[in-house]
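Residue numbers (UniProt numbering), protein chains in the order written: chain A, 1 to 388; chain B, 1 to 388.
Rather than coming from a laboratory, the hints here were simulated on the basis of the structure. Fair warning: there could be bad hints in the mix.
The list treats identical chains as one, so a pair stands whether inside a single copy or across any two.
Claimed, not checked - Here are the simulated lysine-lysine pairs, DSS-like style, with alpha carbons at most 25 Å apart:
{"id": "1", "residue 1": "Lys43", "residue 2": "Lys367"}
{"id": "2", "residue 1": "Lys91", "residue 2": "Lys110"}
{"id": "3", "residue 1": "Lys39", "residue 2": "Lys367"}
{"id": "4", "residue 1": "Lys172", "residue 2": "Lys118"}
{"id": "5", "residue 1": "Lys43", "residue 2": "Lys29"}
{"id": "6", "residue 1": "Lys367", "residue 2": "Lys29"}
{"id": "7", "residue 1": "Lys362", "residue 2": "Lys29"}
{"id": "8", "residue 1": "Lys39", "residue 2": "Lys362"}
Bear in mind that the values here come from a model prediction, so they are computed numbers and not experimental data.
Number of protein chains: 2
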Amino acid sequence: MNVINLDHISFNPLLPEVREAMIDAINNKDLHNPSSQHKAGEKSAEMLAQARQNVADLINAADPKEVVFTSGGTESVNHAVKGAAMANREKGNHIIATNIEHNSVIRSLKRLSAQGFKVTSLSVDESGRVDPAAVADAITDQTILISVMHSNNETGTIQPIAEIGAIARENKVLFHCDAVDSVGVVPVDVQALNADLLSFASNPFYGPTGAGGLYIRRGTRIFPLLDGGVQEHNKRAGTENLIGIIGMGKAAQLAAAHMEERRAHLADLKKYLVEQLPQYVDEYIINTNPDHSLPNLLNISLKYIEGESVMLMLDEENLAVSTKSACATGSLRASHVLLSLGLSHSDAQGTLVIAWGIDNSKDDLQKLLSTLSGVVSTLRSMSPLYQK
Amino acid sequence: MNVINLDHISFNPLLPEVREAMIDAINNKDLHNPSSQHKAGEKSAEMLAQARQNVADLINAADPKEVVFTSGGTESVNHAVKGAAMANREKGNHIIATNIEHNSVIRSLKRLSAQGFKVTSLSVDESGRVDPAAVADAITDQTILISVMHSNNETGTIQPIAEIGAIARENKVLFHCDAVDSVGVVPVDVQALNADLLSFASNPFYGPTGAGGLYIRRGTRIFPLLDGGVQEHNKRAGTENLIGIIGMGKAAQLAAAHMEERRAHLADLKKYLVEQLPQYVDEYIINTNPDHSLPNLLNISLKYIEGESVMLMLDEENLAVSTKSACATGSLRASHVLLSLGLSHSDAQGTLVIAWGIDNSKDDLQKLLSTLSGVVSTLRSMSPLYQK
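Chain A with its partners taken away, still in its complex shape (with noise of 0.2 Å):
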């Protein structure tokens, strides 16, 4: 099989050194528990507090402690939604979020609602982004949380993070930023965001799945999600993914090092793609904000034809693209994230998720395009919504 990737934001290939270190660790006869007593265990300790570090330097933490290893960004975030929100509960009962966030943080306050927890979710205007100013003005004197994702993962825009971190800082009002397909691809600082959480996972910048993590700055009342032994300086029990960790670290310190050369060639690949695409079909709504949004994702809604149908069209080219989240493969209900940005469901269902990584190039995109071209008019011939 030699499939183009076009779908990296369900899945980045783990980079070479990425791979040669897990192997490494794989084949490391020392590896042990790093929290068992022991030389043995120390070793591995030392190993978890590279990564650590790489990690921290990644997203500017100030102390690599605040920095806890989770299974994916779908536990940090769990984790950092509903910890924060119970052990904060005695002083007040109300969240604040936005109605495009990811399903983690959607199901996280749905579960939250049940237990007595009231839940703002404020709307995105045409062009995918929520308005900070709405942000201050749904704070009341019971909020003890906002919510808001520093990147969408579907349409890839980006919000005004920093202002509503400094709404949250200046209201008192603990701030969760949900930035899983954000770190490791653009710059993400902790401190320039005021987050006092913030969640993350390793394979968008091309570490392993089921690596992630959450920051949480010191000093922020939260609880465990896991529950149990001391590990992760007593905040996330359960041993570690030693092998996943060592990927995740060795891939953050490859994405510090190279995020301005990785972020210009993927710039470079949109700038490419937005131009050219004029050229090979029409009427199409582009959905990914112009000005703010990741440089490696473009989401576009092609008129009178289901997504799903050109999805499978170009797989038979071997051409992976995707019509929404991986996570909500087998929902056949339109997408949240689009439907608020005020599409209607036709154009909804006629969604494609264009994902490129580092390893692609133009003449991957332009094979896009011109088999893009051919899939598209031979739907619309077929479309009974289609009138030339």
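Dock chain B against chain A, hints included.
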């Protein structure tokens, strides 16, 4: 470093075949998100399905869909205990456990207590076992969950789980068994045990840390611990730890295939250790049940001295043992498990957990015994408590 690992309860080395499977996965260029919609995703979904089948076979689950992959034993236990309690809250608020459970159970129950649940924590007898009749007596019309561990992680003592499971079934109360240190080491059959929920982890059967699972019998009412995407049949959100799970799947297959020969080897080492011990040290207590216990662990309390000092002196000689659960490292308190057996605080402080694996030999134990003999003499000669 050439350490003899007699601390297998903290960490088991990866088997060569497990290493190979993980390295193959790492080097597999077709690896993708198993939930993604295209061909590349399908291939990874197949690998995941194979691992799930292997794990289901190991515990005799009727349907692989009853196996939910998690980040390890702690997540499984938190999911089982908190998820079952919250989902069945309307039926009642009473939970039964024992006072020798792992901290992941104990602290999950503490968290639930703060939310209005009532917990009955049953004592064990001097041999470390709970009486099934005591479980039956503790059931009220408010009881929604019974949680008892299969084997204890410090003493290796095995509980009468099948009897307790039958009582739970008879009384229509959900039964969770924390079988983290048993699955893959001794036969664990969810049908024979009448378990509705059963937690396990990959490392005890020589798979990687950071991978585990929760058996959820079809029809069991339980909430997810990780809310978000629709992965794991909507029971556990988050992109799967693909490489770790592939390693666990291979380890599960090997554990099932070689269960009996491994058990025979481990039991042989245990017999040797118990028989030889009196020739090397005196005045000790064996805290492991002689008839009902894991074949790979012996917990002894050496009178008049500190287990911590013994452990450190053995470490100097490249012999890795532990004094308690790695999950409790950093905690200065005497083990709640040993105190529950009726041990005095000072005897509990003299405890050593010796845990061997399939990679150990009688020579390793012989080296331990002869070194231990000298260490104990030295420490006792300095102990104010010891008078020869």
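Status of the hints after comparison with the structure:
1. In this assembly of identical chains, the alpha carbons of lysine 43 and lysine 367 lie at most 25 Å apart only when taken from different copies (23 Å versus 48 Å within one copy).
2. Proximity of lysine 91 to lysine 110 under the C-alpha cut-off of 25 Å is found in both arrangements, the shortest distances being 20 Å within a copy and 21 Å between copies.
3. Taking the closest pair of Cα atoms, lysine 39 and lysine 367 come within 25 Å of each other only across two copies (18 Å); inside a single copy the shortest separation is 54 Å, beyond that limit.
4. In this homomeric assembly, lysine 172 and lysine 118 come within 25 Å of each other (Cα to Cα) only inside a single copy, at 18 Å, whereas the closest approach across copies is 35 Å.
5. Taking the shortest alpha-carbon separations for lysine 43 and lysine 29, only the intra-copy value of 11 Å comes in at or below 25 Å, while the best inter-copy value is 31 Å.
6. Taking the closest pair of Cα atoms, lysine 367 and lysine 29 come within 25 Å of each other only across two copies (20 Å); inside a single copy the shortest separation is 45 Å, beyond that limit.
7. Taking CA atoms no more than 25 Å apart as the test, lysine 362 paired with lysine 29 passes between copies only; the shortest distance there is 20 Å, against 43 Å inside one copy.
8. In this homomeric assembly, lysine 39 and lysine 362 come within 25 Å of each other (Cα to Cα) only across copies, at 22 Å, whereas the closest approach inside a single copy is 50 Å.
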